[in-house]
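K.L.:
As a plain string of letters, each chain reads:
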Amino acid sequence: AQTVTQSQPEMSVQEAETVTLSCTYDTSESDYYLFWYKQPPSRQMILVIRQEAYKQQNATENRFSVNFQKAAKSFSLKISDSQLGDAAMYFCAYGSSGSEKLVFGKGTKLTVNP
Amino acid sequence: DTGVSQDPRHKITKRGQNVTFRCDPISEHNRLYWYRQTLGQGPEFLTYFQNEAQLEKSRLLSDRFSAERPKGSFSTLEIQRTEQGDSAMYLCASSLRSTGQETQYFGPGTRLLVL
Numbered sequence: 002a003q004t005v006t007q008s009q010p011e012m013s014v015q016e017a018e019t020v021t022l023s024c025t026y027d028t029s030e031s032d033y034y035l036f037w038y039k040q041p042p043s044r045q046m047i048l049v050i051r052q053e054a055y056k057q058q059n060a061t062e063n064r065f066s067v068n069f070q071k072a073a074k075s076f077s078l079k080i081s082d083s084q085l086g087d088a089a090m091y092f093c094a095y096g097s098s099g100s101e102k103l104v105f106g107k108g109t110k111l112t113v114n115p
Numbered sequence: 045d046t047g048v049s050q051d052p053r054h055k056i057t058k059r060g061q062n063v064t065f066r067c068d069p070i071s072e073h074n075r076l077y078w079y080r081q082t083l084g085q086g087p088e089f090l091t092y093f094q095n096e097a098q099l100e101k102s103r104l105l106s107d108r109f110s111a112e113r114p115k116g117s118f119s120t121l122e123i124q125r126t127e128q129g130d131s132a133m134y135l136c137a138s139s140l141r142s143t144g145q146e147t148q149y150f151g152p153g154t155r156l157l158v159l
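As they're listed, the protein sequences go chains R and B.
Under the numbering used here, think of the first position of the first sequence as 2, with each following residue one higher.
Under the numbering used here, think of the first position of the second sequence as 45, with each following residue one higher.
Careful, some of the hints might be misleading.
To be verified - Result set (EDC-like, lysine to aspartate or glutamate): computed pairs, CA atoms no more than 20 Å apart in a straight line: (1) R/LYS107 / B/ASP51; (2) B/LYS55 / B/ASP68; (3) B/LYS58 / B/GLU122; (4) B/LYS101 / B/GLU146; (5) R/LYS79 / R/GLU53; (6) R/LYS107 / B/GLU88; (7) R/LYS110 / B/ASP130; (8) B/LYS55 / B/GLU146; (9) R/LYS79 / R/GLU18; (10) B/LYS101 / R/GLU16; (11) R/LYS110 / R/GLU30; (12) R/LYS71 / R/GLU18; (13) R/LYS71 / R/GLU16; (14) B/LYS55 / B/GLU100; (15) R/LYS56 / B/GLU146.
Claimed, not checked - What follows is a set of in silico ranges between Cβ atoms, one per label pair, in the way DEER data are often shown: (16) R/GLU11 / B/GLY129: 21 to 31 Å; (17) B/HIS54 / R/MET12: 22 to 32 Å; (18) B/THR82 / R/GLN3: 28 to 38 Å; (19) R/LYS74 / B/SER102: 35 to 45 Å.
Claimed, not checked - Take a look, some chain R residues computed to stay more than 10 Å from chain B by CB distance: (20) VAL5; (21) ALA17; (22) THR21; (23) SER31; (24) PHE36; (25) ARG51; (26) THR61; (27) ASN68; (28) ALA73; (29) ASP87; (30) ALA88; (31) GLU101; (32) LEU103; (33) GLY106; (34) ASN114.
It should be emphasised that the hints constitute simulated quantities derived from the structure, not laboratory data.
The C-beta atom is built at its ideal place from N, Cα and C for all residues, glycine as well.
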C-alpha cells in the first residue's frame, strides 16, 4: 500500500520569505500523481499544485513550485514570497493511476509571521 | 460555477443515533468521493462513485456506514448507531473523469460530534 509522510508537523516563515515543505512517499508503481492541497482554518481544502510522475519538469503555479525527485520518492513544496494568506495546513497526497482514491500525509501547519 | 457543497456543516448527535450527510458535487462532475478526517490527521478515503455506481469502498467503511448516489448527482452518507469514534470531519470531493488521475475538488465538510 502507498504511504505518504510529511515529517514537519509545523513550519513557520516570515512574510515575503521562502519556505519549503517536505513530503516523501512510498510506492512500487511507476505511473502516479502527486498533489499539494491547502486547508485554511475552518475552510475547505483547495488544490495548490499537482505533478504527474511521468513528467520530468517540476510543476509551478505562480509563487508555488515543487521539487519532484522520483528516484528518491520526494515531493517538496516551495512557497516563495510568503503571504499572510498562505497560513494553513498543507497536505501532500498521492494518487495512483489504478485507483481513484487519494492517500494523504498527516499535514504540515504553516504559520506566516508578519 | 458553484463548488462542492455539503449539508449540514455541523452535526451533534448522541451515541446510538443515526445521522445522514448530503453532498452536492460540481454539476458536470461524474465522480464523487467521501473521506474522513480526524483531528491532526490527513483525510482518509472511504468510498467513491462514478455516476450512480459505487466502485470502491475502504475497509474503514464498516457495516454501519452506507453511501448512495441514486441518480448520479448528489450523494448521501449515512452512519447508523453512531459511536464516539465516528466523531470526525466528513469530506466530500468530486472530479470529472478523464485519462489519468483527475484533480479532486473538495467541499467544506460536515463536522460530526458524537456525545
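K.L.:
For each hint, tell me whether it holds in the structure or not.
P.N.:
These are the hints, each one checked on the structure:
Between R/LYS107 and B/ASP51, the direct Cα distance comes to roughly 25 Å. Violation of the 20 Å bound is thereby established for this hinted pair. Restraint check: the Cα-Cα separation between B/LYS55 and B/ASP68 comes to about 17 Å, which is no more than 20 Å; the hinted pair holds. Proximity of B/LYS58 to B/GLU122 is assessed by CA-CA distance (about 15 Å); at most 20 Å being required, the pair is judged to hold. Under the criterion of a C-alpha separation no larger than 20 Å, the hint pairing B/LYS101 with B/GLU146 is consistent with the structure, at around 18 Å.
Simply put, R/LYS79 and R/GLU53 have alpha-carbon atoms about 17 Å apart, close enough for the 20 Å limit, and the pair holds. Straight-line distance between C-alpha atoms of R/LYS107 and B/GLU88 comes to about 10 Å, which keeps the hinted pair within the 20 Å bound. For a cut-off of 20 Å, the pair hint linking R/LYS110 to B/ASP130 is broken: about 24 Å separates their Cα positions. Pair hint B/LYS55 plus B/GLU146 does not hold up; C-alpha atoms about 30 Å apart against a cutoff of 20 Å.
A C-alpha spacing of about 11 Å is found between R/LYS79 and R/GLU18, which places the hinted pair at or below 20 Å, so the restraint holds. Pair hint B/LYS101 plus R/GLU16 does not hold up; C-alpha atoms about 42 Å apart against a cutoff of 20 Å. Distance check on the hinted pair: R/LYS110 and R/GLU30 sit about 29 Å apart at the alpha-carbon level, beyond 20 Å; violated. For the hint pairing R/LYS71 with R/GLU18, the CA-to-CA distance comes to about 27 Å; that exceeds 20 Å, so the pair is violated.
Restraint check: the Cα-Cα separation between R/LYS71 and R/GLU16 comes to about 31 Å, which exceeds 20 Å; the hinted pair is violated. Proposed proximity of B/LYS55 and B/GLU100 is contradicted: the alpha carbons are some 26 Å apart, above 20 Å. For the hint pairing R/LYS56 with B/GLU146, the CA-to-CA distance comes to about 16 Å; that is within 20 Å, so the pair holds. Roughly 26 Å separates the CB atoms of R/GLU11 and B/GLY129, a value that falls within the hinted 21 to 31 Å.
For the hinted restraint 22 to 32 Å between B/HIS54 and R/MET12, the CB-CB distance of approximately 29 Å keeps it satisfied. For the pair B/THR82 and R/GLN3, the supplied restraint of 28 to 38 Å is violated, since their beta-carbon distance comes to about 20 Å. At roughly 23 Å, the beta-carbon separation of R/LYS74 and B/SER102 lies outside the given 35 to 45 Å, and the hint is violated. Here R/VAL5 does not stay apart from chain B, with its beta-carbon only about 8 Å from theirs, under the 10 Å limit.
With a closest Cβ-Cβ approach of about 29 Å to chain B, R/ALA17 is found to remain outside the 10 Å limit, as its non-interface label requires. Taking the minimum C-beta to C-beta distance to chain B, about 19 Å, the non-interface status of R/THR21 holds against the 10 Å cut. The beta carbon of R/SER31 sits about 13 Å from the closest Cβ of chain B, which is more than 10 Å, so the claim that it is off the interface holds. For R/PHE36, the condition that its CB be more than 10 Å from all CB atoms of chain B is violated, with the nearest at approximately 7 Å.
Its closest Cβ contact with chain B, about 6 Å, brings R/ARG51 to no more than 10 Å, contrary to its assignment away from the interface. For R/THR61, the condition that its CB be more than 10 Å from all CB atoms of chain B holds, with the nearest at approximately 16 Å. Every beta carbon of chain B lies more than 10 Å from that of R/ASN68, the smallest distance being close to 20 Å; the non-interface claim holds. Its beta-carbon lying about 21 Å from the closest one in chain B, R/ALA73 satisfies the requirement of being farther than 10 Å from that chain.
Distance check on R/ASP87: its Cβ is at least 18 Å (rounded) from any Cβ of chain B, clearing the 10 Å threshold; non-interface status holds. Listed as outside the interface, R/ALA88 is consistent with that label: its C-beta sits roughly 17 Å from the nearest C-beta of chain B, beyond the 10 Å cut-off. Some Cβ of chain B comes within 10 Å of the Cβ of R/GLU101; the nearest lies about 5 Å off, and the non-interface call is violated. Listed as a non-interface residue, R/LEU103 fails to keep its Cβ farther than 10 Å from every Cβ of chain B; the least gap is roughly 6 Å.
The Cβ of R/GLY106 does not lie farther than 10 Å from every Cβ of chain B; its closest approach is about 5 Å, which violates its non-interface assignment. The beta carbon of R/ASN114 is kept farther than 10 Å from every beta carbon of chain B, the shortest such distance being approximately 22 Å.
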